[in-house]
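Protein chains in written order, with this note's numbering: chain A, 1 to 275; chain B, 276 to 550; chain C, 551 to 845.
By construction, these hints were calculated from the structure, which means they are not laboratory data. A virtual CB, placed ideally from N, CA and C, is assigned to each residue, including glycine. Treat the hints with caution; some may be incorrect.
[As the list claims (entries may be wrong)] Some chain A residues well away from chain C (every beta-carbon gap over 10 Å; in silico):
1) Phe5
2) Thr9
3) Pro44
4) Phe63
5) Leu78
6) Ala91
7) Gly94
8) Asp136
9) Pro165
10) His166
11) Ala171
12) Ser257
[To be verified] Here are the in silico distance ranges between beta carbons for each label pair:
13) Ile707/C - Leu132/A: 44 to 54 Å
14) Glu282/B - Thr46/A: 31 to 41 Å
15) Asp616/C - Leu457/B: 36 to 46 Å
16) Gly434/B - Glu651/C: 48 to 58 Å
17) Leu132/A - Phe754/C: 51 to 61 Å
18) Gly434/B - Leu622/C: 36 to 46 Å
19) Val508/B - Val259/A: 29 to 39 Å
20) Leu451/B - Thr219/A: 14 to 24 Å
21) Leu132/A - Leu451/B: 57 to 67 Å
22) Phe754/C - Leu11/A: 17 to 27 Å
23) Gly82/A - Arg583/C: 29 to 39 Å
24) Leu108/A - Asp555/C: 14 to 24 Å
25) Leu739/C - Leu78/A: 31 to 41 Å
Here is what each chain is made of, one letter per residue.
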Amino acid sequence: MNSSFAQRTTLALLVATILIIYVFPYAFLVSTSVKPPEDALAIPPTLLPQRISLENYSNIGEFPSVQRSFGNSIIIALLCTGWTLLLAVPAAYGVARFATWAGKLFLLVALVTRLIPPVSVGIPLFAIMRSLGLTDTHVGVALAHATIGVPLAIWLLASFMEGIPHELEEAARVDGCSRLGALFRIIIPVAAGGIAVTAVFVFLASWNEFLFSLLLSSTGIKTAPIAIAEFKSQYSIQWGTMTSLSVLYSLPVIIFSLVMQKRIVAGMTMGAVKG
Amino acid sequence: MAAFEAEYGYPLAPPTTWQEFDDMAQFFTRDDDGDGEIDMYGTDVKGGVADFEWMIAVLQAGSPGVVLDADHNIIIDNEAHVEGLSYYISHHCDMDVAPPNVNEVDWGVAENLFYQSQTAMFRFWGHAYRLTRGDSPIADLVGAAPMVAGPGGIGAIPGPWFNIVPKTSENKELALQLVQYLYDHNAMGIEAPLGLAARKSAYAQYADVAGFENLNPLLETLDSPQTIGRPAVADWQQIADEILGPIGSDALTCEQDPAELLAWGREQLEAMGYE
Amino acid sequence: MKLTDRSFVLVLLLPATLFLASFVGYPLFLLIRDSFHDVSIYALGEGEFVGWANYAKALSSSRVLDSAGRTLNYTILALSAEFVLGFGAALLFNAMGKRSEILRTVFAFPLMIPPIVAGLLWRFMLIDNIGIVNHILEQLGLIADSSDISWLGDRDIVLFSVALPNIWLTTSFVALALYTGLQNIPSELIEAAKIDGASAMQRFHRITVPLLRPVIAVVLILRGIDAARAFDMIWIQTEGGPRFASEILSIHIYRTMIRYGNVGEASAIAALFMLGMLLISAMVFFLIWGRGTWQ
Chain A
1 MNSSFAQRTT
11 LALLVATILI
21 IYVFPYAFLV
31 STSVKPPEDA
41 LAIPPTLLPQ
51 RISLENYSNI
61 GEFPSVQRSF
71 GNSIIIALLC
81 TGWTLLLAVP
91 AAYGVARFAT
101 WAGKLFLLVA
111 LVTRLIPPVS
121 VGIPLFAIMR
131 SLGLTDTHVG
141 VALAHATIGV
151 PLAIWLLASF
161 MEGIPHELEE
171 AARVDGCSRL
181 GALFRIIIPV
191 AAGGIAVTAV
201 FVFLASWNEF
211 LFSLLLSSTG
221 IKTAPIAIAE
231 FKSQYSIQWG
241 TMTSLSVLYS
251 LPVIIFSLVM
261 QKRIVAGMTM
271 GAVKG
Chain B
276 MAAFEAEYGY
286 PLAPPTTWQE
296 FDDMAQFFTR
306 DDDGDGEIDM
316 YGTDVKGGVA
326 DFEWMIAVLQ
336 AGSPGVVLDA
346 DHNIIIDNEA
356 HVEGLSYYIS
366 HHCDMDVAPP
376 NVNEVDWGVA
386 ENLFYQSQTA
396 MFRFWGHAYR
406 LTRGDSPIAD
416 LVGAAPMVAG
426 PGGIGAIPGP
436 WFNIVPKTSE
446 NKELALQLVQ
456 YLYDHNAMGI
466 EAPLGLAARK
476 SAYAQYADVA
486 GFENLNPLLE
496 TLDSPQTIGR
506 PAVADWQQIA
516 DEILGPIGSD
526 ALTCEQDPAE
536 LLAWGREQLE
546 AMGYE
Chain C
551 MKLTDRSFVL
561 VLLLPATLFL
571 ASFVGYPLFL
581 LIRDSFHDVS
591 IYALGEGEFV
601 GWANYAKALS
611 SSRVLDSAGR
621 TLNYTILALS
631 AEFVLGFGAA
641 LLFNAMGKRS
651 EILRTVFAFP
661 LMIPPIVAGL
671 LWRFMLIDNI
681 GIVNHILEQL
691 GLIADSSDIS
701 WLGDRDIVLF
711 SVALPNIWLT
721 TSFVALALYT
731 GLQNIPSELI
741 EAAKIDGASA
751 MQRFHRITVP
761 LLRPVIAVVL
771 ILRGIDAARA
781 FDMIWIQTEG
791 GPRFASEILS
801 IHIYRTMIRY
811 GNVGEASAIA
821 ALFMLGMLLI
831 SAMVFFLIWG
841 RGTWQ
């Protein structure tokens, strides 16, 4: 592009504005979390902390149930991810490598499940979990999260697997490998990157999920988002502690995602672009 | 403060009646630096919890109960309801003695306004006195008084306490023992962080201990015949959300007649099957 | 025994199918069944058969119809903001070429933020008097006093205010998806059009938009469905208030089903809601994608 100085300056200003607006809310969250608790709602509010204090973080120690909720979230998200991959990897392979009507129908059904508002199936799921004796268990919540994870994973994995050249498998089959063997020896190793990205997505979907967790867990296995939301309960919001919890809750996800950033953005947008 | 006595003809002391409360709310609503903006308001109007707050004035006005009487007959349109609702909105609509953004003021915001000395008086849960933060600019200046009396006397709605032993619980015997223990040793709750107990006898034990100056006023409020719990009906949540909240917030627009709103409330209750 | 390809696929699909049938299909069946019964949350699985009564009640309730209207408004509001901003950003990235990499990294950032945190954070920033947004607007001289705009307390604007965190979080997705789509347009096509003397506007209308059509359709449908189903972000900000002004259908269903315990009635509303979304998505799909020059 043959841009003049004025054009360049305009572009730079535009870019700077976008960046500020985009990063500002989160920066403000972090800034608030390191203010002394009472400064969270100071009048007038300040952008930067006047005094740095880690009290909002040390206050978390007063809420052992909140600390436990982080552990619950990790256990549930891991269970959900493992279970989802177990079901979704073979299914995606079936859909992607063999063009059958069953596979196509399956993809369509998986897509349609996205239309279901969680709030509508929450109570039926609760009734099912109760009859299975799974209410208030990690497994119960993880299974509920997997209803979101499985369709998502199948779509992502199917597009990753379609990208693998057929010749690879054919060579293996000629060498006497069974179809199942080809899946394990050829497809899974080659698609490992895609599977990892899918795992991250499924993990995040579970980590962020709110409504099923709310309905299916009581005190024992409460997840982190529920614990954070409960600071908005009774008669007041403890903004200070809530900001520090929010930072802790989102920070691992952000670091994790920045490390894998390119692959994640690719995975997230690929579904849309490939349709 | 002589200035108050000079203006209103009686010495300044914690308000005991609606009239005194209104006088003081007007007295303390002031623009200290003369910039045309009010720096401190006399009190607050908690429009953010409108489904609850105006009920209290209804009891102070002398109603035998809120919304429904002891036999669950509709009394939402009796005179005391009209008087109570009118009084509730008067601090906002007629006297302008409360921060004008009433819809955003819930209990948390009200608390914050008070501790940042944006309001001079606030009517709040009895245990809040003990939660005054040490670093608040007014930490040593807070006092507690019984709830203000309307024409019907002192009135408030106590928050009910319940411990639930689920039908499906595996250790019912143990749970019942715990409930018995909590009942017998109820006073222990008073020294816990929230400072809450469920029994008057528990409060009485601490009433004369230094630092618990809120308990005698609290007991006096609880002992008043106009302190009445909400009706024990299964669909109370629906009544509060669908009828009481809308009546409260519509009334706070200052454009609707309280009596008409309450007549609408009767229709809604009748549609739910009450008489 | 030798399996044909077809039956091998069925074997591969079986575990996932069984799972989805029992944990998505069966709940849906229960939902439909409940919608024809008078079920209370205190006695799930019991209740009298009432035929279409719950549906009739839902369709004649002004609360339901108002919520449906708000759902539509909220979706259109959030989606058009996300789409306009996202498309603009995608074009900017495309024009910047390689230099946009840092910008794209920053742009991807909100994608990682949990919705519940986004909702709380915006609620925190929008409290009037003490919120940072009004404070900044006041400092910039855009409003006279920090209590002038009551973002979450004013019934007329609250639906917009609760859409803000949604827009903040998902504009990134729209931008990055459309950017990837733009990158896939063969540059020879654009070059050829340039040589033929087509203006930038013409190139955009004749080449970019038609070729991007399938991506646009998918983005609109996916984000539209997500916006229409929004729950946690709005719940955490206003619980649907003030006076139901931000109550969209998912909030209304939650309130009816969980807070009031009227499972039968709520199930009928939910069933109608899903049917509506299915019809609208199908319509959008055929309107945008079906007509496209997709080869």
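Hints and how they fare:
no.	hint	verdict
1	Phe5	holds (16 Å)
2	Thr9	holds (14 Å)
3	Pro44	violated (5 Å)
4	Phe63	holds (16 Å)
5	Leu78	holds (17 Å)
6	Ala91	violated (4 Å)
7	Gly94	violated (3 Å)
8	Asp136	holds (16 Å)
9	Pro165	holds (18 Å)
10	His166	holds (13 Å)
11	Ala171	holds (18 Å)
12	Ser257	violated (4 Å)
13	Ile707/C - Leu132/A: 44 to 54 Å	holds (45 Å)
14	Glu282/B - Thr46/A: 31 to 41 Å	holds (37 Å)
15	Asp616/C - Leu457/B: 36 to 46 Å	holds (44 Å)
16	Gly434/B - Glu651/C: 48 to 58 Å	holds (56 Å)
17	Leu132/A - Phe754/C: 51 to 61 Å	holds (55 Å)
18	Gly434/B - Leu622/C: 36 to 46 Å	holds (39 Å)
19	Val508/B - Val259/A: 29 to 39 Å	violated (55 Å)
20	Leu451/B - Thr219/A: 14 to 24 Å	holds (18 Å)
21	Leu132/A - Leu451/B: 57 to 67 Å	violated (28 Å)
22	Phe754/C - Leu11/A: 17 to 27 Å	holds (18 Å)
23	Gly82/A - Arg583/C: 29 to 39 Å	holds (32 Å)
24	Leu108/A - Asp555/C: 14 to 24 Å	holds (20 Å)
25	Leu739/C - Leu78/A: 31 to 41 Å	violated (46 Å)
Violated hints for the displayed structure, listed by number in ascending order: 3, 6, 7, 12, 19, 21 and 25.
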